[in-house]
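Using the hints provided, position chains B, C, D, E and F relative to the given structure of chain A.
There are 6 protein chains.
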Amino acid sequence: MHSSTGHPARRPSGRQPEQIREIRLIREYTRHAEGSVLVSFGDTQVLCNASVEAGVPRWLRGKGQGWITAEYGMLPRATHTRGPREAARGKQGGRTLEIQRLIGRALRASVNLKKLGEFTITVDCDVIQADGGTRTAAITGGCVALVDAIRHLQRDKLIKTDPFKELVSAVSVGIFKGTPVADLDYPEDSGADTDMNVVMTESGGLIEVQGTAEAAAFGRSELNAMLDLAESAGAQLFAHQREALGLRG
Amino acid sequence: MHSSTGHPARRPSGRQPEQIREIRLIREYTRHAEGSVLVSFGDTQVLCNASVEAGVPRWLRGKGQGWITAEYGMLPRATHTRGPREAARGKQGGRTLEIQRLIGRALRASVNLKKLGEFTITVDCDVIQADGGTRTAAITGGCVALVDAIRHLQRDKLIKTDPFKELVSAVSVGIFKGTPVADLDYPEDSGADTDMNVVMTESGGLIEVQGTAEAAAFGRSELNAMLDLAESAGAQLFAHQREALGLRG
Amino acid sequence: MHSSTGHPARRPSGRQPEQIREIRLIREYTRHAEGSVLVSFGDTQVLCNASVEAGVPRWLRGKGQGWITAEYGMLPRATHTRGPREAARGKQGGRTLEIQRLIGRALRASVNLKKLGEFTITVDCDVIQADGGTRTAAITGGCVALVDAIRHLQRDKLIKTDPFKELVSAVSVGIFKGTPVADLDYPEDSGADTDMNVVMTESGGLIEVQGTAEAAAFGRSELNAMLDLAESAGAQLFAHQREALGLRG
Amino acid sequence: MHSSTGHPARRPSGRQPEQIREIRLIREYTRHAEGSVLVSFGDTQVLCNASVEAGVPRWLRGKGQGWITAEYGMLPRATHTRGPREAARGKQGGRTLEIQRLIGRALRASVNLKKLGEFTITVDCDVIQADGGTRTAAITGGCVALVDAIRHLQRDKLIKTDPFKELVSAVSVGIFKGTPVADLDYPEDSGADTDMNVVMTESGGLIEVQGTAEAAAFGRSELNAMLDLAESAGAQLFAHQREALGLRG
Amino acid sequence: MHSSTGHPARRPSGRQPEQIREIRLIREYTRHAEGSVLVSFGDTQVLCNASVEAGVPRWLRGKGQGWITAEYGMLPRATHTRGPREAARGKQGGRTLEIQRLIGRALRASVNLKKLGEFTITVDCDVIQADGGTRTAAITGGCVALVDAIRHLQRDKLIKTDPFKELVSAVSVGIFKGTPVADLDYPEDSGADTDMNVVMTESGGLIEVQGTAEAAAFGRSELNAMLDLAESAGAQLFAHQREALGLRG
Amino acid sequence: MHSSTGHPARRPSGRQPEQIREIRLIREYTRHAEGSVLVSFGDTQVLCNASVEAGVPRWLRGKGQGWITAEYGMLPRATHTRGPREAARGKQGGRTLEIQRLIGRALRASVNLKKLGEFTITVDCDVIQADGGTRTAAITGGCVALVDAIRHLQRDKLIKTDPFKELVSAVSVGIFKGTPVADLDYPEDSGADTDMNVVMTESGGLIEVQGTAEAAAFGRSELNAMLDLAESAGAQLFAHQREALGLRG
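Protein chains in written order, with the numbering used here: chain A, 1 to 249; chain B, 1 to 249; chain C, 1 to 249; chain D, 1 to 249; chain E, 1 to 249; chain F, 1 to 249.
Chain A with its partners taken away, still in its complex shape:
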């Protein structure tokens, strides 16, 4: 495990350990989607488009409930060096599938699917520019797009009760050079000893905790330090979501 020096490591960005990047949530970013949000966590930019379609997947039919799913993609040159286009390679990679399954699970936690009716909402999260934390930005922005899509259904009187339960947001935390830090950017992410993605509900619950030791195992106290940082970051993210959506804090 890590030997902490007492003095926190200097982050490449100059941020304080607990300091998250500048968050922006721009709604109605594109015209066609029922919910469309461009989310930025610093230089990480993800376009989250929520699309409403009547009907549900085959295995849910006739149960009177709805479904929420997500797809994730990265533009080939969102990254420092160009990556192959997944459509041209003929398949989505394991990382992509893993991330879009995570986003889908996270967003389903914010909705009561039984009240959604037989509608499917697909949240497409496409990374325009990547600088670490694309999946946590996608969840945080995707939740705002999802709320807009639900409002759209309500405005069109397609559903009568409100299926929205509570906001969901996500942040990455990690151990960088022995110091727990919040919202890792790419230089930190690639150099971190441990990296953890935390998905939270506004009421204080945990939806997903995915911690990975990249270089060295981590202990329970480090895990707790990271979760503390995630909680604090979560509070800020929920405030940004509320503000973007015009919800009272």
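For the record, the hints were derived by calculation from the structure and aren't laboratory data.
All the pointers check out, no bait thrown in.
Copies of the same chain look alike in the list, so a pair counts if it works inside one copy or between any two.
Heads up, simulated DMTMM-like pairs for lysine to aspartate or glutamate below, C-alpha to C-alpha not over 25 angstroms straight-line:
| no. | residue 1 | residue 2 |
| --- | --- | --- |
| 1 | K177 | E214 |
| 2 | K165 | D193 |
| 3 | K63 | D193 |
| 4 | K63 | E53 |
| 5 | K160 | E28 |
| 6 | K177 | E202 |
| 7 | K115 | E166 |
| 8 | K114 | D189 |
Chains B, C, D, E and F alone, transformed into the frame defined by chain A:
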């Protein structure tokens, strides 16, 4: 063939027959690509990222020349209704392949590949929002991104001579309700009798002419009327490209 | 653009600039298809089989109209050197998809789909031997196979009105060593400055015009010279189709 | 097992039990392939193109020997009803793969691969029209194309010794309504109790014996009756091959 | 053909020419499948799981009959050196498809599909360890699993009559160094001149005979010697199947 | 979050909350692999084969270090109802890819890749029978197979120093009906509120923590209760691994 009424049809957008949409070319739109341009033809928005990589495809190796290629994609909800993600379907559709082959041929016309040296420039054209004319916007914006990528190679002293030949732009023209019109938007595109994409060089040459009768065959005079509109639109597009790139007119 | 020498270039085949190759259209070439035509443009040989199937694609169901589509393939050793078998590679290439989309659009122009009833006619165009102009031969021969398939439907009393509108044919034209020429064979095709495929109706309309500058841009006068050649070649192709089908000229 | 009636069943074609269909072997059928043979077994027509390429598959490199392989395909409308195009489906079916593996093994038996040198000969067998027995026609015609390809290598002085060992041919035999019959056509093939493909060398050896009970098991005596028919048919096939190749009988 | 020495070749395993390996058939090997058999032919181990599902493939619907099919796979390290995982490569190889088609045909011969009712039984044959003869072990073990699955249907009163016809087993035979031998293991298989898989019914019929000359053609007398060995091996395999199933001999 | 009742829920298996299932680790389960372990966590059985190959993936070449990777698969009828074979579907699903990436990361934590030399060890984890916890069984058994493969390299003097660092094991923990429980079986897994997979090193470090709220969010205290159970289970798993490997405790 068409029966023209004498009175030009009213375009859904209220534009004059020869009037193209508002053109925007925003350079350095993302951070990582050697050339990155967001191009808008009205509500059609395409992100064109030009990436430089050392080396050329296998069949060109050892010939001392470079290569320029393009890839095209559309975000699933760039359109009115969500389309399936090509990466998830496991293949690029015929329309996608046709378009990216067209963009590649068009952009190669603006460069002397022999002077490029053994570099490959890939221009990724990803449609953020679609309202007709995505391929012509992609060529027009892609050419600006390509020029930036070439400048990058020159700035880094990786090439010594200037491989840039001349600007290339593209516009769609068509016959809408009997009237030849320039730069069709989606409502026109889906209702047009004939649709033609024209790729031009600044010196007045034609690179590609692809005219398709959607509903009724067209005659030579209609073809000529469309080409006249394309020439006039081309002049405006070249001016926008020059301005964006800071080139003297 | 091209500098014409005044003296027309000598074509590798010794043909005159406007001279098309020997055209053959052999009907009932195979036993099973409702329409089966082996078309030859000189050494280019394409087998066009039109198959009638009850029903239409999902997106057309219930509209009371029919559908015509085309598929294109090339036997691996139709060409000078063996190409990979697309079935073994696991996908059709971009060129193949582009060509079969073109053939389908062209053939649909010769039929009133509303009168066809809910039948689908698939025209398979398989290149037995390639020497340039495979797509134009496929359209020209495919139209004859299509007429036979429609006659088959009429003979079997499956449709009551005649959905056939008019003949469609296609020819490639180009600029070879500065001279406009008709019906390019492979040596010309690979050396041409410009190559254009023109799809025409017998009544003089244009269905598709696809011109590509391979080596140098082309001007409006060259475009017009090529279209003149296409019109003249079209007249001969329609005569061949009429003769093959036993139609009065 | 079968109850034979004493009276041989009448074959749909009116042929005698031991009578094979009319065999045709047309050499130099297409221009480009080093060996090109159109083989007909009655209405079954297969185009066999043998292509010579320098080099061998990776796992054979440096062993100083050659390789012979085969690919098999069926045009979509070679059959009574149109089948899906394998290139469009994105994979070759199990039947296709099974057949092309059989053809390859059969053809390798006619050549001394060590004397072939580091060349690969690919024999493409494409079924133009199917009426039963396509794989046996492909082997019989493919062997003639292979001999032509080898002669091509010898004529070009690319190999010095003759790698050809002996002719290989193939025929299907079966039990149709209780009677052993040779060279089944499609109506027999689909109604046979047992179907067996036999690949033979001219010197009387067996290369492959693949017998399948379709409806009822078969006994040793039936197996022997079928092999007797195959031997007799083989003699005729070898004579056809010799005649086509201008070899003395 | 082979020159036999008079003295039979010594088999690598020290077995007599007619001696098959130790056969084991362990029923109820896994918990979930309706029939689950681990079959061993010496070191070759195949897990055969028979799964019952209501319904039949589309092309059989409404005919009141059932269907039996098989799938075959090999664990990547079942073999001496690791082979690629077919799921990761994205397709099943030709050998796999060929084998699973063979297993399916063989197993269908043991059942009266009309009496099975509209159920599909899928027999998955997964090779845990390979030492030659995996397909014959799969058929022999798969038939026992199939019987268990049928009993399961009868026990649950889902079918009323017994669709089981008779046992089916399979063995490989070959010519190894000039001597006919039964049940080849891997060292023999890779060195054999000829290899033949024989599928038999208990009543003495042949279902499949697939003989392949690997190195040299074989004659009728060798074929007969191999079939004699297969019959003798079959008798032993049926006895093992009967014992495993608790059937009277 | 959950309302705990004070009385722990009765587990379907009757186990105590902290009680893991019977663990078995059978080494040398198959013959060919350098390490071959059948691991059982109760009715969950996974065959873990570790294969050594010379060389490393392209991106690691020339760095003088080794690589460890894992592949995961499930036999189609390992589960209650048959699942489709991934090789037949043509791709590995997202769940499969996610699991095999996790196993690979986990196993790499037990080895010093720099000391491994340019060898790749692939650990194939194939689920023979599934009853929950297949990924944790795969990691626990895969680590034992990995140690055997490393010993194989040492015995063959292919590496000189010992790259093994420490044992790695994994267990699933969760909240079942309000009670934290260890090593969930399938009935618990499908009914759990929260499910967490924990990968640990013997020295007490955490490698991966992946907690997912299936039905309701979880709090920090629940997370801690689950981690306590994982630590305790880990101690037992390490003891089983040590015993299987003949290591002193």
